[in-house]
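Based on the hints, put chain B in the right spot on chain A.
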Amino acid sequence: MVATTPGAPAVRTRSRRRVDEGVITVGRSRAATIAANTTGIVFSILMLFPIYWVLNTAFKPADEVLALTPTFWPKHPTFDNFLSAVKAPLFLQDMLNGLIITLLAVAGSLVVGFLAALAIARFKFYGRRGIILVILAVQLVPFIALLIPLFLMLQSVSLTNSLIGVSITYLVLILPYTVWTLRGFISGIPRELDEAALIDGCSRGQVFWRIILPLTGPGLVATSVFGFIQAWNEFIIINTLNSPEKQNLMAWLLQNQTTRGTAWGPLMAGAIITSIPVVIFFLIIQRNIATGLTAGAVKG
Amino acid sequence: MRHGKYPFIIGFLVVPVALYCTFVVAAYIQSFQLAMTSWSGFGAIKYIGFENFQKLWNDDLFWKSLRHNLFLLILLPIVTIAIALVFAFLLNVGGSQRGGVTRGVRGSKAYRIIFFFPQLLALAIVAVIFGRVFGPDKSGMLNGLFPDSWSPWLFMADERWAMTCILVVLIWQAIGFYVVLFSAGMGSISSDIYEAAALDGASRFTLFFRITIPLLWGTIQVAWVYLGIAAFDAFAIVNIMTVDRGGPNGATSVLSLMIYRNTFEFSQVGYASAIGVVLFFLTLTFAALTLRVTRRESIEA
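Sequence lines, in order, name chains A and B. Per the UniProt record's numbering, residue 1 is the first one in the first sequence, and the count goes up by one each step. Per the UniProt record's numbering, residue 1 is the first one in the second sequence, and the count goes up by one each step.
Incorrect hints may appear among the rest.
[What the hints assert, rightly or not] Using C-beta positions, here's what the derived DEER-type ranges look like:
#  : chain 1 : residue 1 : chain 2 : residue 2 : range
1  : A       : His76     : B       : Ser203    : 53 to 59 Å
2  : B       : Lys55     : A       : Ala32     : 53 to 59 Å
3  : A       : Gly188    : B       : Arg204    : 28 to 34 Å
4  : B       : Arg204    : A       : Ala107    : 44 to 50 Å
5  : B       : Thr206    : A       : Ala107    : 32 to 38 Å
6  : A       : Asp80     : B       : Val17     : 50 to 56 Å
7  : A       : His76     : B       : Leu145    : 19 to 25 Å
8  : B       : Thr206    : A       : His76     : 54 to 60 Å
9  : B       : Gly187    : A       : Ile164    : 39 to 45 Å
10 : A       : Gln93     : B       : Lys55     : 41 to 47 Å
11 : A       : Ala107    : B       : Ser149    : 54 to 60 Å
12 : A       : Asn37     : B       : Ile193    : 21 to 27 Å
[Unchecked claim] To give an idea of the chain B side of the interface with chain A (calculated C-beta under 10 Å), a few residues:
#  : residue
13 : Lys5
14 : Val128
15 : Met141
16 : Val225
17 : Leu279
What the hints contain is simulated information worked out from the structure, not anything from laboratory work. We treat Cβ as the ideally placed atom computed from N, Cα and C, and that holds for glycine.
Isolated chain A (complex conformation) (with noise of 0.2 Å):
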């Protein structure tokens, strides 16, 4: 009896193993666990510090952003820095612009896109490989070796300082982007799809409008809101292009941001603002954001 007692645990332990032995485990270890998480959690903070502190720095009052010794929270929040954004000269009218030229420029892509998707997943013709090269060289190049000659472009049709001139060169920038995702999605529906409503009767443009754009909903979706975030976050082109009422938020923010030198409560504030579009439309699409990526660029 005397000598069973401290056997007990031990067979207990064996069995236990025994039970662990039968899932797999990969020499995991509890350390390991450990250690992947706390990498996980610090390098989280490090990610969402930056942006913790934009929206410290915005609910705070002006004395207490220049404090020597900042505070983690604002010690008497205020929407006062919000407000004054809103106000600042131009903030609602390049809010204005930047929606109207993101809209036109995504809808543009959407349409240009899909039909130049279609017709490199459906039709073999010559000088579609030229067409795929193309179109991934052009996102090889930094635009910005063609801000002058674009300049002069638009000058020359008096599309400088206009919305639309703007729009358009958006377009061609997303466009890239949308083609090639677009045909990742074209390509995954299967042919034989096609083949059944020709021979039930469709002609070929009504295998297009009613079989493959409801089909690649999904794709459409995810392509319109990498060009909106695109087309909203840029300023660079705007800025070269349009004079100061004819920008968008971006441009402002950096206009402000050298005009106005210290004013941080503000302009973190107006950068929040700023992005509130992006990540409503990021939070909607974010479970599908994987396959809007990769569509395109993985299976290549």
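Coordinates of chain B only, in the frame set by chain A:
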């Protein structure tokens, strides 16, 4: 079926092709032309042959800027891809394995959103934020965190460290995208492969280096090219964040910034175009080389 194929193709492609011919191809041709002139942006255009390129060869700032671009070109892809791969691995197969199903660490969905967040912010906003993070006095975020007895770090105002600050910002901004990109790639690797390797006694390190990386190679290649192009550009961050645009003392000048300043500040459009031509060939050479050098036998996943 065959009947009436070309009307569709032509109709579908005429607009994008026309747009590219005018906005990209014609624009580049014009840029190449301007590189051969001494045009200031106003008045008559005078052709001077390759003089701009000669001037470029003897321009110290050009070589300095090129060095800075190369600094980014080497470090930005390596560091970003390394960190992103490790995190994508943690998020996908780093967690416990119950019932033979590989899973990510706890909270992997939340991490994915957190890491992607910086990607949503415009570069303009990122630059403004990091201007505050790297503030060279006590009101700057990092200096504010340090004990009061320390003298404030200069960060962007320090010639030796300014470029490193830029690198940090670019990495911070880029990581989320690549974590998601690699995660998607890893998600498409069949879990059978992991299980088989695990049964054979492979450790997590072995899994990572022997299975994940080879199977993700195509995606890593794409990431490398994208990041390299970002390193050749880097204009937005450098333009907004650096002291005296490209300073102190040219310590953060990059080629794209030289193009912009020569065009809009120094009225040397011809010279700026010449730098643009150089940048164009550098980028294309880089992309072609990367794709060629890193080519491997593809492994079917």
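Quiz prompt | Hinted contact lysine 5 of chain B with chain A - closest CB pair below 10 Å | solution = This interface hint holds because 6 Å falls under the 10 Å limit.
Quiz prompt | Beta-carbon spacing of lysine 55 of chain B to alanine 32 of chain A - inside the hinted bounds 53 to 59 Å or not | solution = At 58 Å between Cβs, range holds.
Quiz item: Is it true that glutamine 93 of chain A and lysine 55 of chain B lie within 41 to 47 Å of each other by Cβ?
Solution: 42 Å, holds
Quiz item: At a threshold of 10 Å, is the proposed contact between valine 225 of chain B and chain A supported by beta-carbon distances?
Solution: 8 Å, holds
Practice problem: Check the following: the C-beta atoms of arginine 204 of chain B and alanine 107 of chain A are separated by a distance inside 44 to 50 Å. | Solution: Holds, since arginine 204 of chain B and alanine 107 of chain A (Cβ atoms, about 47 Å apart) stay within the stated range.
Quiz item: Between asparagine 37 of chain A and isoleucine 193 of chain B, does the C-beta distance stay in 21 to 27 Å?
Solution: 26 Å, holds
Exercise. Note whether the CB distance of threonine 206 of chain B and histidine 76 of chain A lies within 54 to 60 Å or breaks it.
Key: The hint (54 to 60 Å, Cβ to Cβ) holds, given that threonine 206 of chain B and histidine 76 of chain A are roughly 56 Å apart.
Quiz item: Has the hinted range 50 to 56 Å been met by the Cβ atoms of aspartate 80 of chain A and valine 17 of chain B?
Solution: This hint holds: roughly 52 Å between Cβ atoms.
Quiz prompt | Restraint outcome when methionine 141 of chain B is required to lie within 10 Å of chain A by C-beta distance | solution = 5 Å, holds
Quiz item: Do threonine 206 of chain B and alanine 107 of chain A keep their Cβ atoms within the hinted range of 32 to 38 Å?
Solution: 50 Å, violated
Self-check item: Outcome for the supplied range 54 to 60 Å, where the beta carbon pair is alanine 107 of chain A and serine 149 of chain B
Solution: With a Cβ separation near 58 Å, alanine 107 of chain A and serine 149 of chain B satisfy 54 to 60 Å, so the hint holds.
Quiz item: Hey, does the valine 128 of chain B contact hint survive, CB to chain A under 10 Å?
Solution: 6 Å, holds
When the structure is compared with the earlier hints, a violation turns up for hint 5 alone.
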